[in-house]
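Asks: Below are the chains, spelled out letter by letter.
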Amino acid sequence: MKHTTRKATRHISQNEGLIFEKSSPGKAAWKLPPLDVPEVDTAKLLGSQERKDLGVMPEVSEIEIIRHFTRLSTWNYAIDLGMFPLGSCTMKYNPRVNEFVSRVEGIANGHPYQPEKISQGALRILKTLSDCLIEITGMDAITLQPAAGAHGELTGLLMVRAYHQSKGNPRKKVLIPDSAHGTNPATAATAGYAVENLKSNDRGMVDVDALVAQMNEDVAALMVTNPNTLGVFEHDIHKIAEIMHAKGGLLYMDGANMNALVGKARPGDFGVDLMHLNLHKTFSTPHGGGGPGSGPVAIKKILEPFLPIPTVITKSDGTLGFDYNRPQSVGRVRAFYGNFGMFVRALAYILANGPDGLRQTTEDAVLNANYIRKGLEGVYDLPYKTPSMHEVVFSDKVQSKRGVRTMDLAKRLIDYGFHPYTTAFPLIVPGALMIEPTESEPKEELDLFIEAMKSIAEEVEEDPQFVLDAPHNTRISRLDEVGAARKPILRWKPGNA
Amino acid sequence: MLKAIGVRSVDDLFSPIPAEFRLHRDLDIPRQMAESEIVDWFKKRAQENAEGYTSFLGAGAYNHYRPVVIDALVQRGEFLTSYTPYQAEFAQGTLQAIFEFQTMVSELTGMDLANASMYDGSTGAAEAVMMACRITGRNGAVVARTLHPEYREVIATYAANQNIPVKAVDYVASGRIDSRALEAAIGDDTACVLIQSPNFFGTIEDIEAIAGITHKRGALLVVSIAEAVSLGIVEPPRAADIVSMEAQSFGVPVGFGGPYCGVLATKDKYVRQMPGRLAGQTVDKKGKRGFVLTLATREQHIRREKATSNICTNQALVALMVNIFMTVYGKVGLRELAKQNLAKAAYAASQFGKHAKVKFGSAPRFNEFVVETSEDPYAIHNRLLGHKIVGGLPLKKFYPELGNAALWCCTELTTRSMIDTAVGLTADSERADRTMREVEEEEVAR
Chain A
111 MKHTTRKATR HISQNEGLIF EKSSPGKAAW KLPPLDVPEV DTAKLLGSQE RKDLGVMPEV
171 SEIEIIRHFT RLSTWNYAID LGMFPLGSCT MKYNPRVNEF VSRVEGIANG HPYQPEKISQ
231 GALRILKTLS DCLIEITGMD AITLQPAAGA HGELTGLLMV RAYHQSKGNP RKKVLIPDSA
291 HGTNPATAAT AGYAVENLKS NDRGMVDVDA LVAQMNEDVA ALMVTNPNTL GVFEHDIHKI
351 AEIMHAKGGL LYMDGANMNA LVGKARPGDF GVDLMHLNLH KTFSTPHGGG GPGSGPVAIK
411 KILEPFLPIP TVITKSDGTL GFDYNRPQSV GRVRAFYGNF GMFVRALAYI LANGPDGLRQ
471 TTEDAVLNAN YIRKGLEGVY DLPYKTPSMH EVVFSDKVQS KRGVRTMDLA KRLIDYGFHP
531 YTTAFPLIVP GALMIEPTES EPKEELDLFI EAMKSIAEEV EEDPQFVLDA PHNTRISRLD
591 EVGAARKPIL RWKPGNA
Chain B
663 MLKAIGVRSV DDLFSPIPAE FRLHRDLDIP RQMAESEIVD WFKKRAQENA EGYTSFLGAG
723 AYNHYRPVVI DALVQRGEFL TSYTPYQAEF AQGTLQAIFE FQTMVSELTG MDLANASMYD
783 GSTGAAEAVM MACRITGRNG AVVARTLHPE YREVIATYAA NQNIPVKAVD YVASGRIDSR
843 ALEAAIGDDT ACVLIQSPNF FGTIEDIEAI AGITHKRGAL LVVSIAEAVS LGIVEPPRAA
903 DIVSMEAQSF GVPVGFGGPY CGVLATKDKY VRQMPGRLAG QTVDKKGKRG FVLTLATREQ
963 HIRREKATSN ICTNQALVAL MVNIFMTVYG KVGLRELAKQ NLAKAAYAAS QFGKHAKVKF
1023 GSAPRFNEFV VETSEDPYAI HNRLLGHKIV GGLPLKKFYP ELGNAALWCC TELTTRSMID
1083 TAVGLTADSE RADRTMREVE EEEVAR
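Which chain is which? The protein sequence lines are A and B, in order.
Numbering of the first sequence is given in the working numbering, commencing with residue 111 and proceeding in unit increments.
Numbering of the second sequence is given in the working numbering, commencing with residue 663 and proceeding in unit increments.
Chain B extracted, bound-state conformation (with noise of 0.2 Å):
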């Protein structure tokens, strides 16, 4: 090939980097390995890690039962080693199924149509704000507390540099955004309402109720689901504008954070608005359906700085993830489950509410509930780590006011005895606290 090509030697093809910027050492980084040893590399990081764990975590990443039939198509070399479909006659497998995946998400949501996908529910809910921001003509945005805190922080970061100013709302006792905050704070500037539901503490929002209020001072309401499992057996938010959901729960690996698969639904008239690739239906020369990415004036490639937004690469793979999972489950099975994982939370909730204060008790929730102990959560961590059981989130961090809650999250790969053993793990403490407690006020009687 060198010869062919007309040089004596590779290095001859790096000339055009000068010299003193060529690299003529080793990279310090580990040695080649072998197959086996990069397997046995990374079963030792497993192993570091909470191999063999169960977990009452939710809080964004949920860990739900993954049918095998999920990695055995997408690991088809077809689907994950193909590009993005720009060139529709070699790609119509990726656009079909994205085809498929707007259908089910926009009819999960009950919107009129969704993109291909979004990075995740954080970067979407931020996407989401700017696209109600070009609707309106507005500058400003009303956001939950009750939204997940690390999408507050992600829409935090954006809302900044497009100098679009953000006013949180706070919560009522029932663990709902306190409506009539939200309605003092809505102003003539304000593009949209941003909420969560559920919410981060598990609680279901009154959609219609938000959604007049929001309305009436002529901004949008953009709903955030982070839990897509609700949807079996949640009303969708049909009275929002825009939905930006995490599909995290179809079917793709909790995976220590990401890759995730975010998605944004939203209504016929603002689909020029909406950021992200859209595959829609066409027919070829002949009259046969056939279906490509449309309405790419809106995207970077072609627009470059007016675009609606810079994303370019998007969670394709795992789209296809949550597409399959959607259509395993299908109209019935995603409701049964939805079903279960509502039965496992009400029973744990239930169980938790006889020796510690379940609190936003008031209002419907699905699968998160939050536990109010009068130990430290962290050490109540502690004791159930000696039984392989990772507890529930403490809220400290991320809500100083609400102390030792803890959100505990139950799906339908939580069994009874787990609950029962987490339980009674944490009523031990509380009954010894109790206890103690007694005692001091005795002593302190006599």
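Next comes chain A alone, as it looks inside the complex (with noise of 0.2 Å):
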């Protein structure tokens, strides 16, 4: 028999081709006003550059766009289905008060070349959301410019690297813990340092004894995540500090898991002297099915120089202004000035909640995961004994002895109602489970979650080739991905089904 879940049900979901396939001449869902120019010969306007036809491009009614999107999107799950546990992605709730203000008139259609005088509102926007992220993260100055978190770390390194060339000599190396997300040492590498790899102890904290022997002159920066991606709060993150500081290094905080600390403790104030924050994880605008996201940087005063350009200063008049006279800036790391629509998203968070709800929402993020993890231990292996954060990192040790790997539990979950956590990192844990809940979960979800995944685990121990198999109950079951790869077809074509 297998077992059932209170949270899911299967129900009937519609099918929907592509766009191009329900396309058919004549079909408009468009309309513009008359002309009240005279019109113009392309011909003579345009000459051989002229575009005579846009091939493929579909041509479909009103209602069978909002029929083919909204069929698309009972596909998906999504926060406002349920818990979803992705360790690191810190999927919480996204309000729609944030979605609201984002569409107000004078904020949604402000041109990033209008005169200053009209666009204090956005540089007040700016200012303040600055102001609230300089103080959270216990830093002197930030630049709000990078689009997200990677952007952001390599904005990071930018700086750093412009750092040492002012004192002479722009180091070599990267430092980056093995248990860190591969945006670090993807990033390092973009911005042109060698990356040296940095072990973890038996704790799952930065091993102290083998930085002190790898840290030397040829070292800019060590990346670290704190809590790292076990959830685990690195302890001795201050002496870290002292180390990198003593031979002249900086150190970068991966602020990926900045949930775990907000309003609890600062960055600033245990040694690090930069760190990228992502907006769309711990200040809730949405992930959107994989971004926009937003990357701030904030910084020590030694680094404030070096901030890309430009900058929102108070003008002598009180008014709000962008200073492009910086001479020692890392330069532009992106057009204009970053994702604003996230900015307004991410301060509407901020202002709803306060000093105290920031507290609180850290506060019951860590209760959460650490409920999770008390209902889980003994049922699935915990490698790590470490108190968590935000976080709680399994592995799938018990169950790879029947040949269930962490993804087949995460594609059984899946039937369950819930989306999977997020399997095999990091990659110091083989086989991971990696479990974020996030302060949005209410109790009576939790139980939810722990009940399935107790579940799953008597199912490997009863059938674990029923697991295997899983999905059971999506539209589709697993897919052939070795196959997409080795014969990419990443656009459709007319005859191709």
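FRET-style restraints, in silico, Cβ to Cβ:
#, chain 1, residue 1, chain 2, residue 2, range
1, A, Ala323, B, Lys929, 45 to 53 Å
2, A, Gly488, B, Val828, 56 to 64 Å
3, B, Gln824, A, Arg596, 29 to 37 Å
4, B, Asp850, A, Asp328, 30 to 38 Å
5, A, Asp466, B, Gly1086, 51 to 59 Å
6, A, Gln275, B, Val828, 13 to 21 Å
7, A, Gly136, B, Lys929, 29 to 37 Å
8, B, Asp850, A, Gly358, 37 to 45 Å
9, A, Lys309, B, Ala871, 53 to 61 Å
10, B, Gln737, A, Asp557, 26 to 34 Å
Not the full set, but computed from the structure, chain A residues with beta-carbon under 10 Å of chain B:
#, residue
11, Tyr203
12, Ile524
13, Pro530
In short, the hints are calculated from the structure, not lab data.
For each residue, glycine too, the CB sits at the ideal point set by N, CA and C.
Take each chain as given, in its own frame, and dock them per the hints.
Replies: Right, dumping it as structure tokens:
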């Protein structure tokens, strides 16, 4: 007998082809106003540059478009449907007031090049958010320009390079713990640094002795995630900072896990020189199926001369403006001022919480993770017994003896009505199950999740093949990923079904 | 819950943080607000902004009409609050939408394939340069000065840290790139030539000719498109090797500069050097069509420091706006939309031309044009602001040699009366100016 789930039931979902397969000449969902200026002779204006045909672009009606995308949407899982326990991704509730205020006319329609005197509202939003984030991180200054976390990392490392360059030597290497996100080494390479791995100790933390041995004048910075990807707070973080600083290096913090710290501890207070934030994680802006994100970089005073241009300043008359005159700046990392719409949403979140709400949020996030840890300890292997903060990492050690791996467990979790946790990461835990519930989940949802995970563990004992064949209740079963990569089909063409 | 966990207080859970680094006070940020207060706060900020103004600004951020179905659909929680579709069985909606986006972008740009999005047009252009270096094994870029100045700045930032030398090539009197200077600038170490078309002045480049010059020297041609609506009526850069497009024009709010939607498109043979996510078609165990993120071995979460780019999060929800916009206008609507843009700009340029000098008239252009006045454009700006009109972008800041020139943009939303008012207010001063000059000349003559 197969276990049942209280959370999800199968229901009818609509089939839907590609939009191109619904297209036929004459259907339209658009209408332009009558032209109030003289018609132009396109051939005369454009000559050989005139385009005559738009190929396979679709022709469909408005109701077809509404149904098309609505049907597609029902094939997705989302935070709005339930717990989304992806570790390190902080899939928290995305408040709707954020969406509302980002669409207020005057905020949604401002042009980046409109004169500063009619941009004071936008500048005030930039300034207020900057001030809040500086206070939350305990740093001295910030740039909001980077478009996502990895872009923030890059911006940070460019500032690191500029800082060392100003001292006469940009240095060669960046140290990165083996538990780090993949973006860290990729970013270091993009910033022109060689990557040197730093191993973790048996408690899942940075091995301080190894750091002492590896730290020298060739090392520009250490990129550390804190709490790290095991959800463990780096207890020796201040010592780590001292080791870095003693040899002239800088301590970079990946702020992906800032949801464990806001209002409870500030990286600036424990020795971090610079860090990025993910507004789409900690500050509730929606993930939107993979973006847009926003990755502000907060820094200590020593790095301020190197901030990207422009920065926001208060002018002598009290109005706000942009400062482009920063000769030591690393330059620009993005056109205009960054993902402004995300700043609006993040600020709305901060205002909705205030100091007490933000602290409570962090406490609830850590409480929820520990509740799950307690509920699943003994059922799944816990490779590191070190106390968890906002996320907990189990392994598939017990279940893999029956041939069932973390990805298989994850696929079966889909049948139970939950999005999978993060699988096979961090790399230092073979067969990792990385679970981050966030503060958004009520106890009832957490209990359902624990029940589902326990039930799956039982299924592994009773009938491992059933779990290996999961998911069973989705529209489609497991997809042929190898085939997709071997002969890539990356676009629709007439005739290919 | 505390009891279940076995701790006495929530604070016990924070004991892993050394006591001296725990915050024992409230954060010094604004107090908690009710929803009504939050809405009020932002409405006040909106009033301090250019609320209720009409604008002739373009320059990489275009004010086109956004069909209401876009926001109705992208605000569905299943799109808004979902994650990157790594778990394909539970994210087919997002994946199929990306596949359709890739199809339409590759069709519109005249390329074989496109990725799922980049942050924006500026970072996309920088990534395209790095991609060209990987493909050719060369290390250098030649960039047109008529590429958006802020894109050039971003490329300079990326290139400096990758040790990629970047050479700039000037424009000629037509507003197009100086092809002789271009030919001279390309060397054996040039990985790519990067131009924008329509370029920053609104001028459409002769892509075929530039591709000829570029390919002759074994370099790749990268074409940046900042005004996507142009693709409805302007021949796409089929001779390019990589197209980097900013798709903001397709249904994305101008929104003070972001979030926007960059995207790279290229030839089939270069797909494995492409940065960013790609959705591909495949089948499930029962043979049913489905979509997955594919070719992930290019990406940072697999390859770490050997990845093609460090990009992770992209602009998925904005790409969905673009996707819906392209679907709404489609094969016929996009052309008609582009035609209206062309007509409005042509009318405005002809009207301005009666009173001031419209520069770069000899090459075709799309919906932007450069007007040179004898009066400082900032002064004209101030006069227009009194009528709640934001005038064209003064170019002095980016192109000192252009003096009093400004870049004006018209879209389908620019009305004839708006154009006539702006021309009238510009002409007033020009006439006054001319009269003054005539008076002075007469005085000199006397």
